[in-house]
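**Q** Line by line, the protein sequences are chains Y and B. Throughout the first sequence, residue numbering follows this note's numbering, covering 1 to 388 in sequence. Throughout the second sequence, residue numbering follows this note's numbering, covering 1 to 388 in sequence.
Hints are computed from structural coordinates only; laboratory data are not their basis. On a predicted model such as this, the values are computed, not experimentally measured, just so you know. One or more of the hints may lead you astray.
Stated by the list, open to error - If you anchor each label on the Cβ, the simulated ranges turn out as follows:
no.	chain 1	residue 1	chain 2	residue 2	range
1	B	Asp282	Y	Asp130	56 to 62 Å
2	B	Glu373	Y	Lys262	36 to 42 Å
3	B	Leu388	Y	Asp310	51 to 57 Å
4	B	Asp130	Y	Lys307	31 to 37 Å
Stated by the list, open to error - A short, non-exhaustive set of chain B residues, derived as facing chain Y with CB atoms under 10 Å:
no.	residue
5	Asp74
6	Asp130
7	Met285
8	Gln322
9	Val329
10	Val334
11	Thr339
12	Thr340
13	Glu350
14	Leu353
15	Val354
16	Leu356
17	Tyr364
18	Asp365
Note that the Cβ used here is the ideal one computed from N, Cα and C, for glycine as well.
Number of protein chains: 2
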Amino acid sequence: MSTSIISTALSLPTKTHLQSQQPQQFTTLKPSIPLSTFTPKPLSLSSRKFSPLSAMAIEKETPETEAPPTFLRDGSTSSDTVRGRFEKMIRETQDRVCEAIEAADGGAKFKEDVWSRPGGGGGISRVLQDGAVFEKAGVNVSVVYGVMPPDAYRAAKGGGGDHKPGPIPFFAAGVSSVLHPKNPFAPTLHFNYRYFETEAPEDAPGAPRQWWFGGGTDYTPAYIFEEDVKHFHQVQKDACDKFDPSFYPRFKKWCDDYFYIKHRDERRGLGGIFFDDLNDYDQEMLLSFATECASSVIPAYLPIIEKRKDTPFTEKHKEWQQLRRGRYVEFNLVYDRGTTFGLKTGGRIESILVSLPLTARWEYDQKPEEGSEEWKLLDACINPKEWL
Amino acid sequence: MSTSIISTALSLPTKTHLQSQQPQQFTTLKPSIPLSTFTPKPLSLSSRKFSPLSAMAIEKETPETEAPPTFLRDGSTSSDTVRGRFEKMIRETQDRVCEAIEAADGGAKFKEDVWSRPGGGGGISRVLQDGAVFEKAGVNVSVVYGVMPPDAYRAAKGGGGDHKPGPIPFFAAGVSSVLHPKNPFAPTLHFNYRYFETEAPEDAPGAPRQWWFGGGTDYTPAYIFEEDVKHFHQVQKDACDKFDPSFYPRFKKWCDDYFYIKHRDERRGLGGIFFDDLNDYDQEMLLSFATECASSVIPAYLPIIEKRKDTPFTEKHKEWQQLRRGRYVEFNLVYDRGTTFGLKTGGRIESILVSLPLTARWEYDQKPEEGSEEWKLLDACINPKEWL
Chain Y
1 MSTSIISTAL SLPTKTHLQS QQPQQFTTLK PSIPLSTFTP KPLSLSSRKF
51 SPLSAMAIEK ETPETEAPPT FLRDGSTSSD TVRGRFEKMI RETQDRVCEA
101 IEAADGGAKF KEDVWSRPGG GGGISRVLQD GAVFEKAGVN VSVVYGVMPP
151 DAYRAAKGGG GDHKPGPIPF FAAGVSSVLH PKNPFAPTLH FNYRYFETEA
201 PEDAPGAPRQ WWFGGGTDYT PAYIFEEDVK HFHQVQKDAC DKFDPSFYPR
251 FKKWCDDYFY IKHRDERRGL GGIFFDDLND YDQEMLLSFA TECASSVIPA
301 YLPIIEKRKD TPFTEKHKEW QQLRRGRYVE FNLVYDRGTT FGLKTGGRIE
351 SILVSLPLTA RWEYDQKPEE GSEEWKLLDA CINPKEWL
Chain B
1 MSTSIISTAL SLPTKTHLQS QQPQQFTTLK PSIPLSTFTP KPLSLSSRKF
51 SPLSAMAIEK ETPETEAPPT FLRDGSTSSD TVRGRFEKMI RETQDRVCEA
101 IEAADGGAKF KEDVWSRPGG GGGISRVLQD GAVFEKAGVN VSVVYGVMPP
151 DAYRAAKGGG GDHKPGPIPF FAAGVSSVLH PKNPFAPTLH FNYRYFETEA
201 PEDAPGAPRQ WWFGGGTDYT PAYIFEEDVK HFHQVQKDAC DKFDPSFYPR
251 FKKWCDDYFY IKHRDERRGL GGIFFDDLND YDQEMLLSFA TECASSVIPA
301 YLPIIEKRKD TPFTEKHKEW QQLRRGRYVE FNLVYDRGTT FGLKTGGRIE
351 SILVSLPLTA RWEYDQKPEE GSEEWKLLDA CINPKEWL
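Okay, chain Y solo, but in the shape it has when bound (with noise of 0.2 Å):
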């Protein structure tokens, strides 16, 4: 599953209408409440998976003037479920980002676009565009009530059982955010931490509810400077080490599988770490790890950007970085699962591709002199390092 899955996934608007057979085995939920359904854990990277959505329609989120305190559909802030306290944990990244993205940038803010579905779940979409520092920099956060296919629930738990379900409620919450400085020398950062959970099938109130994480923070420069490569995994390694001493070798070899852009056989950057589905820790634990996780943004790459921001450039180091932008473009309209699923199933269009760049480049067969220092960063994208 993409990192930003969630950011488009979450973006979705919940006040679906689902176009299937089944919309009488939701009698039980309050006729009102509008469904989004959503597939959480497709089997393969495959992007092309989500033809059981295809026959979707979504209808429009509706606007709102302010961020309610929670977009948990009790209302409550409660601090007792993992859902109430992962809310607080990825709203609470996204005000200490913002706040150092703006304070990095000097001067530009971000506008905010706030959402609410009326049967529960909404989101909070942070823009900064053009401002000194940054090109473009998007902090979204978002809550969705949701039905799965039963297809896609028996996949997500592994195994068939004798039992077949019905759709499946799901609830999830994530923050996903893309940050693209106007400095060449200054690296692009993506991350998102995301929290699923299913509700009990309604023929089977039985069975045991299941959630999960995923998530991941990743690094794409247009040209290497090893110490900012090493700080940014060092600090992605420190957080993996609090919790388990295989979570970094093991997820950042699944970033750098992730991210990956087939037809060009190369990387879309220096990768990081990206997990999903992770289920077979104690929740607690992963809780913890997610908020580690998240925590980690700020000091991973803020140092890079304080020092990156301001170093000279030619016209040529803008146009490689626009190329790399260009890289950006294809990797996540073509492969990544979050959007490609989010523009299939009419989410929040402008939240969706708020990650793709502000500019980008194609030049026809543009390839670097070998041995360059852009030669260097293609080399690394295609043959992802070890970098600590």
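Chain B: place on chain Y using the hints.
**A** Quick look at chain B alone, frame taken from chain Y:
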């Protein structure tokens, strides 16, 4: 099928190793003939329909120092066959359009890349980049010998029949071009004309040979000058009317339907003509029709370029053009069947992606002011108009 499926399909190298179960069925072809697999007629507009091809592995094309007189396997330049005459037509079209573009640009020259495939076929990519008038202009021809899966063949033929054929060798040839000018008042043009032919199936030598034509020419400005749009559409209609009065209305609508950016609910541009899988007319008539359409590119487009290439513009006009270029990228990477097919099957990436503009832009939640010139363009992309 995409107007550029040929440009990409035809840029696929033929040196393909079918990883499937049936390579032995081709033993009566020269064993050394590498085969490419190609789905000539997907059943819907969805770009996600190419799953049978995902198991393909395609070897690299071979670069050539100069273009051979023909890419046909038998080496002849025979004017007796439709294949031979179609190849001649597309290569003449490439020459004429490149000459006209160079003349309009007034200095910049096309860079040519030629490649062949060991088993026959090949292509010529010509790209003019960062000229005085054109930001990026690509004109490609290619010729492919391949093999299509039997399912695709049955779909293409329509109806089942009681005989189940094996994989079908096919021939395809096409010209494809995207022309992006610099001036925001000068429109982007895309055209593509292609011809397919199947051989009789191995295991049904008496089965009839199938053939069909596809293509179109479409117009994508950032600003509307009604006289320009009318001129462009009139030339398309005149070409159509020489053959059948039903062609222009039918192919105009087909074009509006095809170049649709679903997630935006808007078209890429202001349309033109588009047709595909045409075989229900006389073959000679359709060859003449495709030839007429290809000949109409220069009179439809160059007068508009001459008129608009030096129009004074502001930063704001340029930004709007760049935003519309962003839409061009979205359509081509997310929906265009030729592009998505080519990326998935490992075609010549630089030839496939030459359709992308040199530069593009994405602003968060950009909405033109109602009644503005930008709004008028957007409105015409959302609500296709009858221009004649």
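**Q** All hints are to be evaluated individually against the structure, with a verdict given for each.
**A** Tested hints:
Checked against the given bound of 56 to 62 Å, the beta carbons of aspartate 282(B) and aspartate 130(Y), roughly 57 Å apart, stay inside it. Between glutamate 373(B) and lysine 262(Y) the beta carbons are some 40 Å apart, a value that agrees with the proposed interval 36 to 42 Å. About 56 Å separates the C-beta atoms of leucine 388(B) and aspartate 310(Y), a value consistent with the hinted range of 51 to 57 Å. Remark: the range hint 31 to 37 Å for aspartate 130(B) to lysine 307(Y) is upheld by a beta-carbon distance near 33 Å.
At about 31 Å, the closest approach between the beta carbon of aspartate 74(B) and any beta carbon in chain Y exceeds 10 Å, and the interface hint on this residue is violated. Look at aspartate 130(B): its Cβ gets to within about 8 Å of chain Y, closer than 10 Å, so that hint holds up. The restraint placing methionine 285(B) at the interface with chain Y is violated, with a minimum CB-CB distance near 36 Å, outside the 10 Å limit. Annotation: interface hint on glutamine 322(B) holds; nearest CB of chain Y at approximately 7 Å, less than 10 Å.
At its closest, the beta carbon of valine 329(B) sits 6 Å from a beta carbon of chain Y; the interface hint therefore holds under the 10 Å criterion. For valine 334(B), the suggested interface contact is upheld, since its CB lies about 5 Å from the closest CB of chain Y, less than 10 Å. Look at threonine 339(B): its Cβ gets to within about 9 Å of chain Y, closer than 10 Å, so that hint holds up. Nearest Cβ of chain Y to the Cβ of threonine 340(B): about 7 Å, under the 10 Å cut. The hint holds.
With a least beta-carbon distance of about 5 Å to chain Y, the hint placing glutamate 350(B) at the interface is held under the 10 Å criterion. With a least beta-carbon distance of about 6 Å to chain Y, the hint placing leucine 353(B) at the interface is held under the 10 Å criterion. Taking 10 Å as the C-beta cut-off, the interface hint given for valine 354(B) holds, the closest approach to chain Y being about 5 Å. Annotation: interface hint on leucine 356(B) holds; nearest CB of chain Y at approximately 4 Å, less than 10 Å.
The interface hint given for tyrosine 364(B) is met, as the beta carbon of that residue sits about 4 Å from the closest beta carbon of chain Y, less than 10 Å. For aspartate 365(B), the interface hint holds, since its Cβ comes within 10 Å of a Cβ in chain Y; the closest pair sits about 5 Å apart.
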